[in-house]
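Protein chains in written order, with my numbering: chain P, 856 to 1074; chain F, 856 to 1074; chain S, 856 to 1074; chain W, 856 to 1074; chain Y, 856 to 1074; chain U, 856 to 1074.
Honestly, the hints are just simulated from the structure, not real lab data.
It should be emphasised that the depicted structure is a prediction, and the values quoted were computed from it without experimental measurement.
Just so you know, not all the hints are guaranteed correct.
Stated by the list, open to error - Quick list of the computed label-pair ranges, beta carbon to beta carbon:
(1) W:K905 with Y:E1016: 37 to 43 Å
(2) S:E909 with W:K905: 15 to 21 Å
(3) P:P891 with W:G1043: 41 to 47 Å
Every residue, glycine too, gets a C-beta built ideally from N, C-alpha and C.
There are 6 protein chains.
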Amino acid sequence: YELQVSDGYQVGRVNGLAVMGEDSGIMLPVMAEVTPSQGPGQVIATGQLKEMAEESVQNVSAIIKKFSDQNLAEKDVHIQFVQTGQSGVDGDSASITVATAVISALEDVGVSQNLAMTGSLSVRGDVLPVGGVTHKIEAAAKAGCKTVIIPKANEQDVMIEDEYREMIEIIPVSHISEVLEVALEGEGEKDSLIARLKSITGSALQDGNVAGPSSPSPQ
Amino acid sequence: YELQVSDGYQVGRVNGLAVMGEDSGIMLPVMAEVTPSQGPGQVIATGQLKEMAEESVQNVSAIIKKFSDQNLAEKDVHIQFVQTGQSGVDGDSASITVATAVISALEDVGVSQNLAMTGSLSVRGDVLPVGGVTHKIEAAAKAGCKTVIIPKANEQDVMIEDEYREMIEIIPVSHISEVLEVALEGEGEKDSLIARLKSITGSALQDGNVAGPSSPSPQ
Amino acid sequence: YELQVSDGYQVGRVNGLAVMGEDSGIMLPVMAEVTPSQGPGQVIATGQLKEMAEESVQNVSAIIKKFSDQNLAEKDVHIQFVQTGQSGVDGDSASITVATAVISALEDVGVSQNLAMTGSLSVRGDVLPVGGVTHKIEAAAKAGCKTVIIPKANEQDVMIEDEYREMIEIIPVSHISEVLEVALEGEGEKDSLIARLKSITGSALQDGNVAGPSSPSPQ
Amino acid sequence: YELQVSDGYQVGRVNGLAVMGEDSGIMLPVMAEVTPSQGPGQVIATGQLKEMAEESVQNVSAIIKKFSDQNLAEKDVHIQFVQTGQSGVDGDSASITVATAVISALEDVGVSQNLAMTGSLSVRGDVLPVGGVTHKIEAAAKAGCKTVIIPKANEQDVMIEDEYREMIEIIPVSHISEVLEVALEGEGEKDSLIARLKSITGSALQDGNVAGPSSPSPQ
Amino acid sequence: YELQVSDGYQVGRVNGLAVMGEDSGIMLPVMAEVTPSQGPGQVIATGQLKEMAEESVQNVSAIIKKFSDQNLAEKDVHIQFVQTGQSGVDGDSASITVATAVISALEDVGVSQNLAMTGSLSVRGDVLPVGGVTHKIEAAAKAGCKTVIIPKANEQDVMIEDEYREMIEIIPVSHISEVLEVALEGEGEKDSLIARLKSITGSALQDGNVAGPSSPSPQ
Amino acid sequence: YELQVSDGYQVGRVNGLAVMGEDSGIMLPVMAEVTPSQGPGQVIATGQLKEMAEESVQNVSAIIKKFSDQNLAEKDVHIQFVQTGQSGVDGDSASITVATAVISALEDVGVSQNLAMTGSLSVRGDVLPVGGVTHKIEAAAKAGCKTVIIPKANEQDVMIEDEYREMIEIIPVSHISEVLEVALEGEGEKDSLIARLKSITGSALQDGNVAGPSSPSPQ
Ligand SMILES: [Ca+2]
Ligand SMILES: [Ca+2]
Ligand SMILES: [Ca+2]
Ligand SMILES: [Ca+2]
Ligand SMILES: [Ca+2]
Ligand SMILES: [Ca+2]
Ligand SMILES: [Ca+2]
Ligand SMILES: [Ca+2]
Ligand SMILES: [Ca+2]
Ligand SMILES: [Ca+2]
Ligand SMILES: [Ca+2]
Ligand SMILES: [Ca+2]
């Protein structure tokens, strides 16, 4: 089942990146949908998430609840790490992937399908460093992606081989608004989304020096 | 207790398929009913579901909540994997079976009883690949089914013996709307259901290239 | 403590049947009561129920919620497997016993006390096969019951000794409405209950061929 | 700390009886209070209750909810097995003790303090047999009680020594209304409580032949 | 970090007493605060409470809910066993300490800081015996307390050395209202609080003979 | 990933301090955000918090709920211990860090980024002693902080080397209002916040002698 990358845009589907074993990466899509709720609104994540991954979804939900101009109290947010199997999902490096998939589903705006991304997220929208960026970038390139988003704090860790340098553009970011700028389809609607996102997390951005933490998350 | 296949239609009952051990399949029906709730509406699944199967029910619920034109907030959705015994249900390959049973119960439309199906489901309606398709198709044929639905991404995996080729028609699908097109009874009402289903998950379908994931689910 | 069978009718009390060890049966009553709830309405089952037994209560609740013309949202349904001790209740073969006890309590209609029953139940009212029918029938006869209800799919499994054949009438059934036809007291009110029950689960009955599953439940 | 028995009446306090080890009994008081709730009304039982004891409290709650003419939805029912220590409470033989303590607290009617009692309870008000009655009766006599209530189905099990026969009156009962007739203070108010209790569980009493189960509960 | 005892009064802070190991006591403060709730009102206790300690908090909550003339449905009651570390809190002998701290916080009335106390509590306000009173009294004296409250049922257990007899006054109590009489600041407001507390638990007090249980709680 | 300290102010981000192993400290930021809730308002803390850390968040929430002039019933409070990895967060010494981050987010007031802090918190606002202050102060100095807040009760424990004495100012505090006085940006708005905080926890402050507990928390 070769995972093929298409050129168009798709709503609620974003290519994430994970590390497998010691020295290889893999591209894993995340899908999201927002539905009417049955009971109180919930964020429901599937794909055998381990503890840190569950917590990363809670961190992402802070951004989503703050961002949404819909009332989420009567909505369920479904997040699916697609067919991760029994091994499941560990770590928090898919945080920006999840955030992008949910915002795409909420706003019905397409996400570029030849783009992949990795990055942890603070509850205030900062993109925080992750582990394994080199292997992840190579996996994105091999899968046919033209662009890959990584945390700015990981720029120094990129040591990919030259053959990949030409295949894929690497975009370092430090805030979730920059992720959406790259990932979302369209212009006018996108710009207004990003402006809204910046305004709710504005104070974090204002002086441009969000110091990263002292150690990256493992995956 | 030979499981006999009948020719008619039945509401809320769909033939699923599972793999037993290494190299044989089995047909296992799924039944569904929708009732008034006591407390907040719930999705209640029985049959000793293991973790991945529980999560597959949560993924299916995204489609159901989005699809239903009834308010599910005061309804319970009951899903019963019939008499699976102590061994229970594993994996997510019954997702389209569950979705079909629940939509049949919700809408009071019959499902063909000489049809069996296997397939995983994304929260946006994509039918994703599963494991063991060859054994499952043979089990459906042996049980007397005339038609079997499999994920389009599994087409290449079908290696059934010639004797079965003549007994059973194999229909590959890539979206839940195609499953319902084959499974549901009637014409007019069915078409309107399918149109509604396509409209709620339309963006996923529009460009026809929902890339499957890199590995099938195990069961 | 010989369990004595009386001839009259009693509300909310039904004789169930279980298998003990390898080759003997036992009669175990189930009692039910419906009360105002404190918080959101609940189904509360006691008697040290193991997992499959808990799930069978959830399946029964689908029938009850659909059937009740009272709103169960502010009612609790209490189900008591009487004095089953530390060993508790396993399996799903008391499903029709539980359903009958609760419907009796809900509607304040008596249940025959010289009747015993065994049978699993689908969420749509089908009576499904169980294990150990021969031992169970013999236990009912020994306890002094005049009638015993078993699943139609188990008819072929009955191998009771001749002495019991004369003591007890065996009634095979395939739908919960047939159970109530035999078990409940009275005529007019009973018929209207059964008509109501058939109407809510009618589509399952209409073509009379609810194929049973391929294996019976163990107890 | 000799537990001394007084002659008066007290609201919300009832002497229960338990078996310790193989061959001795102990008197253990149960206290109850009914308060405004914080969240949804709850039944809260303390004293390190083991599973069967927790379930017996749920069974008792069926009687309480049915009986109360106050709405329990905004009330909490507190039940305290006093200072049972780390060993906690097992079995269901304190059910009638708990029921009496709660009804006393709910209705603000005193309970006789030189009375002790043991008995299991069905959700419809039947008093069911328990184990260890002889040791329990002796413990009540030693503690200075003048009266002890036991289940009618246990009458045959009483084998107390002659010295105790003269110290204590043994009252066998088969329904919770008979327990209250003996235990509660006063006349007029008590009679109206008992009449109300009989009316809500009346169908269980009407033909006077509530067959007990085949085995007593262990404690 | 010598724990120093001050002479004044403080709202929501009460000196409790615990036993450490075999033969020494320790003074441990309990703090309480009452706040608006987020969801349904809750009682939240911290300090690594073990099971019996958690249950003692539930027992105390019965008194608090009954006593409060504020509606607790939209309030949270916070109880903090201060810096008990990883070893946490066991047993129920801090019940009267917790009750006093919460009532102080609810009513904004100060508690004497050169007073310490130990005692279990029934859901109806009785002070029940505890273990280790001698070691606890000595710990209170060493810490500089001038007064210590113990359960009346423990009076016979006090075997403190003469040097402590002169340092500290021992006050035995049998009801929570007597604890507050000693502990709270002021006169007029205090008396009205105590009168209210007696009225809600009045029936327990009326005949003055609340028989204690047969064994004290271990800590 | 050297954690760099900046000179400005940032909303919802505070430098905490922890002990690693036996003899070294580390600076760990805490971030907070307050969002509309989906269901009932919740406090959600991530970073693999162990039991004592979870409880310290509950203690902090008492201050927050009392302090907030917004109704928290329809808000979620997100607290993120940033990238603490699999080892997670233990102990309660980050309590004042968490309280400061949440109040900053609630009130949209910046926190000084060249300040670090350590301290436990009572539910009434007292700053309680912690362990490892010397190592923590040195870690703050090494990271470039100009100021560090410690509990007044830990003043006697500070044994830092002379080189650090000149690099960093140590401010001992005994109440959360003093922490905010040092940490928050601005003047007018800050003073009114602090006045409000003092008024809600005023009785604890009034006589200035909040005796600390007898042992510090371990981390
Ligand atoms: Ca999960
Ligand atoms: Ca959409
Ligand atoms: Ca389950
Ligand atoms: Ca229907
Ligand atoms: Ca249970
Ligand atoms: Ca009735
Ligand atoms: Ca408990
Ligand atoms: Ca009262
Ligand atoms: Ca706890
Ligand atoms: Ca106050
Ligand atoms: Ca957690
Ligand atoms: Ca803000």
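Hint check:
no., hint, verdict
1, W:K905 with Y:E1016: 37 to 43 Å, "41 Å, holds"
2, S:E909 with W:K905: 15 to 21 Å, "18 Å, holds"
3, P:P891 with W:G1043: 41 to 47 Å, "56 Å, violated"
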